[in-house]
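**Student:** Sequences listed follow chains A, G, X and W, in order. Each residue of the first sequence is one higher than the one before, starting from 1 at the first, in the UniProt record's numbering. Each residue of the second sequence is one higher than the one before, starting from 1 at the first, in the UniProt record's numbering. Each residue of the third sequence is one higher than the one before, starting from 1 at the first, in the UniProt record's numbering. Each residue of the fourth sequence is one higher than the one before, starting from 1 at the first, in the UniProt record's numbering.
Hints are computed from structural coordinates only; laboratory data are not their basis. Just so we're clear, the structure is a prediction, and the values are computed from it rather than from any experiment. Do not take every clue at face value.
Stated by the list, open to error - Here are the simulated BS3-like pairs of lysine-lysine, each with C-alpha atoms no more than 25 Å apart in a straight line:
(1) W/Lys153 / W/Lys127
(2) G/Lys270 / A/Lys127
(3) X/Lys127 / W/Lys127
(4) X/Lys57 / X/Lys127
Number of protein chains: 4
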Amino acid sequence: MSVSLGRFVIGQDQPFRLIAGPCQIESRDHAFFMAEALHDLCQELDIGLIYKSSFDKANRSSVNAARGVGMTEGLKILSDIRSRFDIPVLTDVHAPEQCAPAAEAVDVLQIPAFLCRQTDLLLAAGKTGRAINVKKGQFLAPQDMQNVVDKLKSTGNDRILLCERGTCFGYNTLINDMRGLPIMARTGFPVVFDATHSVQQPGGLGTATGGQREFVAPLARAAIATGVSALFIETHQEPDTAPSDGPTMIPLAGMRDLLVSLKKLDQLVKAEIL
Amino acid sequence: MSVSLGRFVIGQDQPFRLIAGPCQIESRDHAFFMAEALHDLCQELDIGLIYKSSFDKANRSSVNAARGVGMTEGLKILSDIRSRFDIPVLTDVHAPEQCAPAAEAVDVLQIPAFLCRQTDLLLAAGKTGRAINVKKGQFLAPQDMQNVVDKLKSTGNDRILLCERGTCFGYNTLINDMRGLPIMARTGFPVVFDATHSVQQPGGLGTATGGQREFVAPLARAAIATGVSALFIETHQEPDTAPSDGPTMIPLAGMRDLLVSLKKLDQLVKAEIL
Amino acid sequence: MSVSLGRFVIGQDQPFRLIAGPCQIESRDHAFFMAEALHDLCQELDIGLIYKSSFDKANRSSVNAARGVGMTEGLKILSDIRSRFDIPVLTDVHAPEQCAPAAEAVDVLQIPAFLCRQTDLLLAAGKTGRAINVKKGQFLAPQDMQNVVDKLKSTGNDRILLCERGTCFGYNTLINDMRGLPIMARTGFPVVFDATHSVQQPGGLGTATGGQREFVAPLARAAIATGVSALFIETHQEPDTAPSDGPTMIPLAGMRDLLVSLKKLDQLVKAEIL
Amino acid sequence: MSVSLGRFVIGQDQPFRLIAGPCQIESRDHAFFMAEALHDLCQELDIGLIYKSSFDKANRSSVNAARGVGMTEGLKILSDIRSRFDIPVLTDVHAPEQCAPAAEAVDVLQIPAFLCRQTDLLLAAGKTGRAINVKKGQFLAPQDMQNVVDKLKSTGNDRILLCERGTCFGYNTLINDMRGLPIMARTGFPVVFDATHSVQQPGGLGTATGGQREFVAPLARAAIATGVSALFIETHQEPDTAPSDGPTMIPLAGMRDLLVSLKKLDQLVKAEIL
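Construct the complete structure from the given sequences, taking the supplied hints into account.
**Tutor:** Okay, structure coming up:
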């Protein structure tokens, strides 16, 4: 089942779409700066872009970590980006009551991995009719995403994306089971690979999450070769000074080369292999 | 740091306290039946009891699974049990706005494992001043509970309990790292061992969570020998027909023998070993 | 560092080479039948072939499982295949004293995963001067293969291949960490991906190892997209009746399509991406 | 099924026996020094002792690590310790041809964890008629030890001990699944808990294995509370200068207190709980 989103369709037989943006909305100016850069790049490379950014980082490791601009301000910025660049936008929701207002402003509601089994959140998100991108919990087997799908479908919404972002492997480490991609695809819904959160090392820095940015590219290639509908890649013009997820984000300046190679691979895989 | 709760104190140098009850509040009559049975048993065995039950099962595997009596009705029942039997009661909260009303009715607010990093929930719970029992996420290393503690302490609340309930081990399986008990105890707060959720097999039954009830007793003994402040054990007069967590709950009729042996062990460990 | 093997070179910048054959040598006739089929196929597709088969299955789950034709008979068959088809051959060794005779008969000695830390076996294998394919133990981190490399290099032998075949993930399950491929490549030696043993479910059938043949193709694609020097794929004309590893082997009749698609992918990756 | 060993019996209903000694035989003098100290301590505490030491460390992380005094010299020392102190002795074997000579010198042959599926080694060990202590592989589910038992029993030998020493948990970390103890006991054979290897961090020091000595005591208590026939504890008068396993061995000076507390616990558990 494919999911239409403005001028393009997300589906296993479509070119990969890109969900990208900085981890959090740092300011209106920064958000527009990033959106413009990504919009221009994706237009040049002919890659369907969904702009992603969070208005609240609701589960930071430390209570002292930056959480973002807040919902009202954040949704306004995202909505304005949507209008300005005519691109779909995505943000994550953390509570049922955030779903309706977020659905006014964005095209895709994202369910965070830790919350993928919270029934009320799934139902509230589903009821908006917006496309839903659910991250597979780090604690969940890929086949168990069928139960998540069933919760969403019970609302009459079948605009569902299932996203791999790593599975617990010992302490402070995630691993990607590439078998999980075809397993989740058995639900019939498009599968997304989150290449930047997959290289997180949760708690690896004590009061913050570490990461292994150098593995984003090979893991993204592996996922594309397995077959996915979309890639999720967080990016920042200066990741090492970003307020969150710096160790995993891809420098904006490196996005072009990465995307060019991923597009070649995806084209071959979908044209001649799958 | 010990946590006072009515007539007893929960602490690493105190006899183990028992957090027990059926997984969910099935009805007023059933809740009173269970509370009376546990109250009488614990009075006879001289074990400090905290009665536990959920008013809402907010993260069931399947959307069709029974969720409980709801918050208003559930909190009333728990509050009445507290008055009737003069025992502390505990329930779990899933959203920040549930914390204040729940704190009116119960003595201990419990943070579910999947939600142990949700900052707003922790802060709202902490602000009530009630004792907080936080389940360690299945995705979290025991040392990373320090960050959870710091979030709670930032509210001025230091009535904190840290609870082990299993860690992800491959798919559909949890494992208890007994090293996690002394590691969590380094925070200075009492450590609880949840013996029944530890034997869950999440998703093991397709649309429901399976379990290995036969390992509750040996794991509880292992935890006590390591050294804990409290045990968490769900129980039911007829687990196999319970609306949730049947495969892991201990039959009520088996609680006496289990508690008698655990008490002997705990007494020896705290008197002569630790 | 590349490894020369007859008419071709195994290296990260070379087209992928194929290590293939039935799990065990069932008989002279069967071995020749399989070798001829693979030789013809690889010649047609222009893929460098190393024929693989075991003379002894030394660590079967059950004592009653078929172990093979024995070393003397087995090495004679492999040596004759090498002469008859003019292709390099590979077999696994399980004890230091097998290394010298095996080195007379074959071009590559393979160290089984369970034995990858047995110093005497590594040293005896290294001393033969033959190329060595070491399977990474299911219990070993990829970065710890450096220690294995150092043991082999201490014999003056630097014709080393490092092979990923899955890592323990809970019980009875293996997982491939695709990050392990570039991590092992940091040693400077060619990296092999074993696509059929990676989908084993050890002990999954009680007295035998199960498997998930349907994931061989996507995992092989993922590995190639990450970048490898060789693929290891066991195959059989009728896997379900094979004396060992039936649940994981690829039907001989399916090899052509699989190899054609893997070759296209490998060509693109090495020409335009890596 | 219990296993007789000289003047005592190893069994699930017997007081725990102690397998102890330094990791490797460093010299005749050192071995006698350690054996005398352990013999005297165990006699005083009335604990059945099996003296353990290795003549060869066959799977060290690094090729440069000390391997021991060799088989001939090592077996002579162990045999002399057996005579001198009239205690059973145990050593590990790594190749089938070591089994017969080792069986001349020692009472228990131990199969290393990495080698627990090597059929020839198990059969050769079994055929000696000596008691066999098999370490469960770090890669093996506890229920799969039944296959190992069946291999040994096929030789007519039923003097079998099954030993837990940790299971793979992510990279460079082991975890003890305490459920594994009763699961292995279902085979009918005595279960041993190896408290010092269980706290290894394989590869944790780069070219050597690290460890967490501080968890030996709590894990040993947890195992005893679960119910075991024997404990395996490596010890050294000065662990930090030992040629192997220093980070995990217990200082000899700390053994008395540890054993006293473990004995109290074991007595209670076996008298009143199991």
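**Student:** Each hint: holds or not?
**Tutor:** Here is what the structure says about each hint:
1. W/Lys153 / W/Lys127: 9 Å, holds
2. G/Lys270 / A/Lys127: It is violated: about 54 Å lies between the C-alpha atoms, which goes past 25 Å.
3. X/Lys127 / W/Lys127: Given that 25 Å is the threshold and the Cα spacing comes to 32 Å, the pair is violated.
4. X/Lys57 / X/Lys127: 23 Å, holds
Going through the hint list in order, the structure does not satisfy hints 2 and 3.
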